[in-house]
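*Asks:* Letter by letter, the chains look like this.
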Amino acid sequence: MKRLLRGGRVVDPMNGRDGHFDILIDGDRIALVGKNLPADGATVIEVPAGFVVTPGLFDMHVHLREPGQEHKETVATGTASAVAGGFTAVACMPNTSPINDNAGVTEYILQKAAQANLARVFPIGAVSKGSNGDQLADIAELRAAGCVGISDDGRPVKTALLMRRALEYAGMFGMPVLEHCEDPSLKGEGVAHEGYHASALGLRGIPGVAESIMVQRDVALAEVTGASVHICHMSAATSLRAVREGKEHGARVTCEVAPHHFTLTDESLAAPVSYDTNMKMNPPLRATSDRDEMLKGIVDGSVDVIATDHAPHHYDEKKMEFDLAPFGIVGLETCVSICFDRLVHTSLIRLPRLVELLSANPARVLNIPGGTLSEGALADVSILAPDLSVTIDPTKFRSKARNTPFGGWQFRGGVAATIVGGRTVYVNEAATGAERFQ
Amino acid sequence: MTTQQVAAISNLRHKDLLGISDLTPDEIVLILDTAEAMREIGDRPIKKVPALRGKTVVNLFFEASTRTRTSFEIAEKRLSADTLNIAAQTSSLVKGETLVDTALNLEAMAPDMIVLRHAYSGACHLLSRICRAGIINAGDGMHEHPTQALLDAFTIREHKKRIKGLKVAIVGDLLHSRVLRSNVQLLTKLGADVWVSGPPTLMPPGIERAGVTPTTSVDEAVEGADVVMLLRVQLERMQGAFFPSLREYFTVFGMTRERMRRAKHDAIIMHPGPMNRGVEIDSDVADGPYSVILEQVANGVAVRMAVLYLLAGGVEHEAAA
Numbered sequence: 082m083k084r085l086l087r088g089g090r091v092v093d094p095m096n097g098r099d100g101h102f103d104i105l106i107d108g109d110r111i112a113l114v115g116k117n118l119p120a121d122g123a124t125v126i127e128v129p130a131g132f133v134v135t136p137g138l139f140d141m142h143v144h145l146r147e148p149g150q151e152h153k154e155t156v157a158t159g160t161a162s163a164v165a166g167g168f169t170a171v172a173c174m175p176n177t178s179p180i181n182d183n184a185g186v187t188e189y190i191l192q193k194a195a196q197a198n199l200a201r202v203f204p205i206g207a208v209s210k211g212s213n214g215d216q217l218a219d220i221a222e223l224r225a226a227g228c229v230g231i232s233d234d235g236r237p238v239k240t241a242l243l244m245r246r247a248l249e250y251a252g253m254f255g256m257p258v259l260e261h262c263e264d265p266s267l268k269g270e271g272v273a274h275e276g277y278h279a280s281a282l283g284l285r286g287i288p289g290v291a292e293s294i295m296v297q298r299d300v301a302l303a304e305v306t307g308a309s310v311h312i313c314h315m316s317a318a319t320s321l322r323a324v325r326e327g328k329e330h331g332a333r334v335t336c337e338v339a340p341h342h343f344t345l346t347d348e349s350l351a352a353p354v355s356y357d358t359n360m361k362m363n364p365p366l367r368a369t370s371d372r373d374e375m376l377k378g379i380v381d382g383s384v385d386v387i388a389t390d391h392a393p394h395h396y397d398e399k400k401m402e403f404d405l406a407p408f409g410i411v412g413l414e415t416c417v418s419i420c421f422d423r424l425v426h427t428s429l430i431r432l433p434r435l436v437e438l439l440s441a442n443p444a445r446v447l448n449i450p451g452g453t454l455s456e457g458a459l460a461d462v463s464i465l466a467p468d469l470s471v472t473i474d475p476t477k478f479r480s481k482a483r484n485t486p487f488g489g490w491q492f493r494g495g496v497a498a499t500i501v502g503g504r505t506v507y508v509n510e511a512a513t514g515a516e517r518f519q
Numbered sequence: 017m018t019t020q021q022v023a024a025i026s027n028l029r030h031k032d033l034l035g036i037s038d039l040t041p042d043e044i045v046l047i048l049d050t051a052e053a054m055r056e057i058g059d060r061p062i063k064k065v066p067a068l069r070g071k072t073v074v075n076l077f078f079e080a081s082t083r084t085r086t087s088f089e090i091a092e093k094r095l096s097a098d099t100l101n102i103a104a105q106t107s108s109l110v111k112g113e114t115l116v117d118t119a120l121n122l123e124a125m126a127p128d129m130i131v132l133r134h135a136y137s138g139a140c141h142l143l144s145r146i147c148r149a150g151i152i153n154a155g156d157g158m159h160e161h162p163t164q165a166l167l168d169a170f171t172i173r174e175h176k177k178r179i180k181g182l183k184v185a186i187v188g189d190l191l192h193s194r195v196l197r198s199n200v201q202l203l204t205k206l207g208a209d210v211w212v213s214g215p216p217t218l219m220p221p222g223i224e225r226a227g228v229t230p231t232t233s234v235d236e237a238v239e240g241a242d243v244v245m246l247l248r249v250q251l252e253r254m255q256g257a258f259f260p261s262l263r264e265y266f267t268v269f270g271m272t273r274e275r276m277r278r279a280k281h282d283a284i285i286m287h288p289g290p291m292n293r294g295v296e297i298d299s300d301v302a303d304g305p306y307s308v309i310l311e312q313v314a315n316g317v318a319v320r321m322a323v324l325y326l327l328a329g330g331v332e333h334e335a336a337a
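Taken in order, these protein sequences are the chains called F and U. Heads up, the first sequence is in our numbering, so the first residue is 82 and it goes up one at a time. Heads up, the second sequence is in our numbering, so the first residue is 17 and it goes up one at a time.
Just chain F, same shape as in the assembly:
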């Protein structure tokens, strides 16, 4: 089956394209990109004016919760949430139950993903067995089963020695180590950013240095080993400073920032005081200066990736005392709207840079194909609606979970349709004209 996406604005930074092009999809691949392509028997879809055609967006930091925590999310609901958020692919973190530290779990996840048949799923394997930080997991077997990176996300890699060995060993396969940077002793029992607001609310603090001290360690180890480290969900200004220094010295370090960390600050906890557990995530919402530094990094290029750290939880689990509720918020279905509203429409960055952050760069970090609309590439395409007026309604989420601090927020910008392997897997009924992609 052939489909011709005709006349839309195509933003494909890897190929240096930002203009009106036709895209011919043949089966699951992109056959041709050009001007005034002949229909040649293909179904013609006139791309509505105002829509933007981009390479498939890729969220490289997602918790799909399966196996073991299916009450929070499953591979099926998580990938449904992904495509509704404009993502054609996700990388899922290994802190499931059991931990994805062996090929059996990886294969199980991939089997569930194939059954769901929505977004592509790239599992991340554990660094250490049980993510306990003692012994390396069977990394080669994980890779053979389909893992594209390793991480003990949720926990930092306990010792510098194990981190060094993980970098060296995974480096042999060109796999990055994705690190949740956090010094456990400095974090202690903390639940909110250490500062005035946590103090006033009587919440134990997590200082920025709990993160950055481990970023510094890992950047140093990346430099020594020559292997790639990727800093997950970076939140502190001092962490970004360490990343920039590492890059200047040639260390293979990349980093990601989550939308809530470049949007919200710890003041959200206080205005009004609600002890809203949807404001509880790890790393926590930080100071305004940290938030502003994340924005600066997105603008100046030192931040490589925007990833959501999509962390679904059951509502019972979040309806608890702030100290007892689990960390984390869902992010897949709010990310694109936040990015348009806070980054593009504010003129901080232009659309091609956003596509780099959400598509090309995560693919590059994980060494997987994607992030382009090149001829011959898989036809993973996101159709975005930059001017769509969006009000976040958690009850409409495709995710099983509703734990977002953005409920009721209004944003300019959203998703029109999502195409995976040439097949339309999501159409946003609220975006006029999106039905053409059905």
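Any given hint could be a false lead.
27 angstroms max Cα-Cα, derived DSS-like pairs, lysine-lysine [claimed, not checked]:
id, chain 1, residue 1, chain 2, residue 2
1, U, K31, F, K399
2, U, K64, U, K31
3, U, K64, U, K93
4, F, K400, U, K64
5, U, K205, U, K183
6, U, K280, U, K205
Please keep in mind that the hints were generated in silico from the structure rather than gathered at the bench.
Starting from the known structure of chain F, arrange chain U on it as the hints suggest.
*Replies:* Then chain U, alone, in the frame of chain F:
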């Protein structure tokens, strides 16, 4: 009430008392003024008025408490409320029930007010969102203990006839103290000059933004103070080493008669209790002539009567009755 502030309002427009942070200066003064009237009831041969007759008040205590729970219960009984006490060890919490479920079950029996003490900050906010009953915070984690700050203010006002312009030194384990947070809110709202002192490891980050002067020098904090308030070293809330030893704590931060000489000659000494004698306070000082520690306890009943009365509707309630 010659030189005291007199409330410009006659009612609290709140369902709950979650913290001093929700109160305006006028509302604080109203509670203190109402407490003056309530105290007189405790001096009568029959210590009971019908203000809360037919109201059900549940004292839901998830943390051990003698002083506060007893004080609330006496206050409730003097106002003729029907009271019942639920302590954590006897509740179904030990069976694994969540706070929300416990509260919803209580709520199903239609109490008018719930007095809540809980080990976690924000527990009262959680209950206030799900309960129709008024919630009174009797101490939530490290967040607030509003009735303690109100009774402290009542006691200060009684001795000093004012709060505005007084130098108040609060010394001790600042980090873990809900009494500190409520007192800082209240005293700065009423215009006191508040100094806070303790080890740097127990100094809440960013506390200067609350409008107080932090210092690690107890002597500097106490210098010229009208009120010296000591806070308990809360060993049960501490993880890890905040200071080397209790002995060294006493040497550097303990309140001794010698240190008190730096305060004004008529300074008063306060402590929310329970005291660690020989840690944050020397017995000489605790039992000395300027100690008002037991007056604080006595005033607690009147202040809690005022809070219960005003939240239950106050003047409006009486008019309707």
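*Asks:* Each of the hints needs a verdict: does it hold here or not?
*Replies:* Structure-based check of each hint:
Straight-line distance between C-alpha atoms of U/K31 and F/K399 comes to about 25 angstroms, which keeps the hinted pair within the 27 angstroms bound. For the proposed pair U/K64 and U/K31, the alpha carbon gap of about 24 angstroms is at most 27 angstroms, so the pair holds. A distance of roughly 7 angstroms separates the Cα atoms of U/K64 and U/K93; the hinted pair therefore holds under the 27 angstroms criterion. For the given pair, F/K400 sits about 40 angstroms from U/K64 by alpha-carbon distance, which is inconsistent with the 27 angstroms threshold.
Only pairs whose Cα atoms come within 27 angstroms are accepted, and U/K205 paired with U/K183 is accepted, the gap being roughly 14 angstroms. For the hint pairing U/K280 with U/K205, the CA-to-CA distance comes to about 23 angstroms; that is within 27 angstroms, so the pair holds.
In summary, the one numbered hint that this structure violates is 4.
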